[in-house]
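Chemist: One letter stands for each residue in the lines below.
2 protein chains.
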Amino acid sequence: MAATIPEQYRDLFTKKAFAHLGTVMSDGSPQVTPVWCDLDGNYIRINTAKGRVKDRNVRRNKKVALAILDPDNPYRYLAVRGEVEEITENGADAHIDLLAKKYLGKDKYPYRQPGEVRVIYRIRPEKVSSRG
Amino acid sequence: MAATIPEQYRDLFTKKAFAHLGTVMSDGSPQVTPVWCDLDGNYIRINTAKGRVKDRNVRRNKKVALAILDPDNPYRYLAVRGEVEEITENGADAHIDLLAKKYLGKDKYPYRQPGEVRVIYRIRPEKVSSRG
Numbered sequence: 001m002a003a004t005i006p007e008q009y010r011d012l013f014t015k016k017a018f019a020h021l022g023t024v025m026s027d028g029s030p031q032v033t034p035v036w037c038d039l040d041g042n043y044i045r046i047n048t049a050k051g052r053v054k055d056r057n058v059r060r061n062k063k064v065a066l067a068i069l070d071p072d073n074p075y076r077y078l079a080v081r082g083e084v085e086e087i088t089e090n091g092a093d094a095h096i097d098l099l100a101k102k103y104l105g106k107d108k109y110p111y112r113q114p115g116e117v118r119v120i121y122r123i124r125p126e127k128v129s130s131r132g
Numbered sequence: 133m134a135a136t137i138p139e140q141y142r143d144l145f146t147k148k149a150f151a152h153l154g155t156v157m158s159d160g161s162p163q164v165t166p167v168w169c170d171l172d173g174n175y176i177r178i179n180t181a182k183g184r185v186k187d188r189n190v191r192r193n194k195k196v197a198l199a200i201l202d203p204d205n206p207y208r209y210l211a212v213r214g215e216v217e218e219i220t221e222n223g224a225d226a227h228i229d230l231l232a233k234k235y236l237g238k239d240k241y242p243y244r245q246p247g248e249v250r251v252i253y254r255i256r257p258e259k260v261s262s263r264g
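Chains as they are written, first to last, in the numbering used here: chain Y, 1 to 132; chain Z, 133 to 264.
Certain hints may be false.
[Said to hold, decoys possible] Just the calculated beta-carbon pair ranges, DEER-fashion:
(1) Y:129 to Z:238: 46 to 56 Å
(2) Y:129 to Z:192: 12 to 22 Å
(3) Z:173 to Y:72: 29 to 39 Å
(4) Z:205 to Y:112: 20 to 30 Å
(5) Y:42 to Z:242: 27 to 37 Å
(6) Y:8 to Z:202: 26 to 36 Å
(7) Z:238 to Y:56: 35 to 45 Å
(8) Z:238 to Y:113: 16 to 26 Å
(9) Y:127 to Z:238: 42 to 52 Å
[As the list claims (entries may be wrong)] Some chain Z residues close to chain Y (C-beta under 10 Å, calculated; not the full set):
(10) 151
(11) 193
(12) 197
(13) 201
(14) 221
(15) 225
(16) 230
(17) 231
(18) 235
(19) 238
(20) 257
No lab work stands behind these hints: they were computed from the structure.
Don't be surprised by glycine CBs; every beta carbon is placed ideally from N, CA and C.
Can you build the whole structure from these sequences, using the hints too?
Modeler: In structure tokens, the structure reads:
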């Protein structure tokens with residue numbers, strides 16, 4: 001299964017819009033956290049720190065979901081279900097700086113913790129719905 | 133398990149802030165959708181239409197998660213994991229009108245579909261985290 005991010009909603013990923021990422025805990029219950037994101041072609045990219053709850057969840061169960069609201073109109077949004085096709089540390093430091101630029105206007109990600117290892121999830125959309 | 137919505141984050145539920153509700157599909161993958169919400173004491177209330185994907189999910193698996201960002205500062209948020217303790221049609225029509233008042237400033241919910249049956253989920257928080 002594969003689905004395409006519609007052309008007319010790609011602008012959401014250029015705005016300072018948070019995605020809300022849903023993952024599944026080991027007991028089968030869901031977890032939702034706000035995250036920065038961007039697009040790489042048709043892949044949605046999320047950047048997190050290795051070992052966090054959502055990271056442990058995604059390594060166990062690659063199925064994820066997310067919704068992203070237009071900050072200029074919350075009744076316009078995109079909801080995606082998909083799979084994390086790749087988890088990589090390659091380029092993840094540069095990517096979090098890129099996201100800091102997008103969301104904070106800063107060249108370097110300012111919240112880095114000592115010992116933190118950044119990772120990128122590349123999410124392949126499998127089901128896309130939209131409103132507005 | 134029970135957790136309390138912290139006093140200093142209850143204001144999020146008086147703002148026009150969407151919650152992003154995470155549920156689990158029959159195949160064990162997550163689903164996330166933006167929803168209106170409010171508080172009733174320590175319960176989070178969501179109102180949806182019977183038969184939607186999230187409704188079918190919740191009737192199968194009562195574990196849910198949600199995150200709610202402060203519209204005035206997206207780096208301030210509350211994330212909750214919990215359980216739908218009650219699903220009821222009682223008072224659900226009045227409740228969706230109350231939410232329409234909060235979110236749209238309208239006395240009556242304007243998006244009602246013919247034949248739609250509204251339901252309230254009462255969510256008991258089990259794990260609460262916050263930032264900002």
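Chemist: Compare the structure with each hint and give your call.
Modeler: Now the hints, each set against the structure:
1. As the Cβ distance of residue 129 (chain Y) to residue 238 (chain Z) is approximately 25 Å, the hint placing it in 46 to 56 Å is violated.
2. Checked against the given bound of 12 to 22 Å, the beta carbons of residue 129 (chain Y) and residue 192 (chain Z), roughly 20 Å apart, stay inside it.
3. Taken as a hint, the range 29 to 39 Å holds for the pair residue 173 (chain Z) and residue 72 (chain Y), whose Cβ atoms sit roughly 34 Å apart.
4. Distance hint check: the CB atoms of residue 205 (chain Z) and residue 112 (chain Y) are about 21 Å apart, consistent with the given range 20 to 30 Å.
5. One distance hint, 27 to 37 Å for the beta-carbon pair residue 42 (chain Y) and residue 242 (chain Z), holds here, with the actual separation near 35 Å.
6. The hinted range of 26 to 36 Å is satisfied by residue 8 (chain Y) and residue 202 (chain Z), whose Cβ atoms lie roughly 28 Å apart.
7. Checking the proposed 35 to 45 Å range against residue 238 (chain Z) and residue 56 (chain Y) shows it holds: the Cβ atoms sit about 43 Å from each other.
8. Between residue 238 (chain Z) and residue 113 (chain Y) the CB atoms are about 45 Å apart, so this pair departs from the stated range of 16 to 26 Å.
9. For the hinted restraint 42 to 52 Å between residue 127 (chain Y) and residue 238 (chain Z), the CB-CB distance of approximately 31 Å leaves it violated.
10. Because the beta carbon of residue 151 (chain Z) sits about 9 Å from the nearest beta carbon in chain Y, less than 10 Å, this interface hint is met.
11. For residue 193 (chain Z), the interface hint holds, the least distance from its beta-carbon to any beta-carbon of chain Y being 7 Å, beneath 10 Å.
12. Checking residue 197 (chain Z) against chain Y by beta carbon gives a least distance of about 4 Å; that is within 10 Å, so the hint holds.
13. Checking residue 201 (chain Z) against chain Y by beta carbon gives a least distance of about 6 Å; that is within 10 Å, so the hint holds.
14. Here the hint on residue 221 (chain Z) is broken, as its CB sits about 24 Å from the closest CB of chain Y, past 10 Å.
15. Because the closest C-beta pair between residue 225 (chain Z) and chain Y is about 21 Å apart, greater than 10 Å, the hint is violated.
16. At a threshold of 10 Å, the smallest CB-CB gap from residue 230 (chain Z) to chain Y is about 18 Å, leaving the interface hint violated.
17. Restraint check, residue 231 (chain Z) versus chain Y: the minimum CB separation of about 14 Å is more than 10 Å; hint violated.
18. About 9 Å separates the beta-carbon of residue 235 (chain Z) from the nearest beta-carbon of chain Y, less than 10 Å, and the hint is met.
19. For residue 238 (chain Z), the interface hint is violated, since its Cβ never comes within 10 Å of a Cβ in chain Y; the closest pair sits about 13 Å apart.
20. Given the 10 Å rule on beta carbons, the hint for residue 257 (chain Z) is violated: about 13 Å separates it from the nearest Cβ of chain Y.
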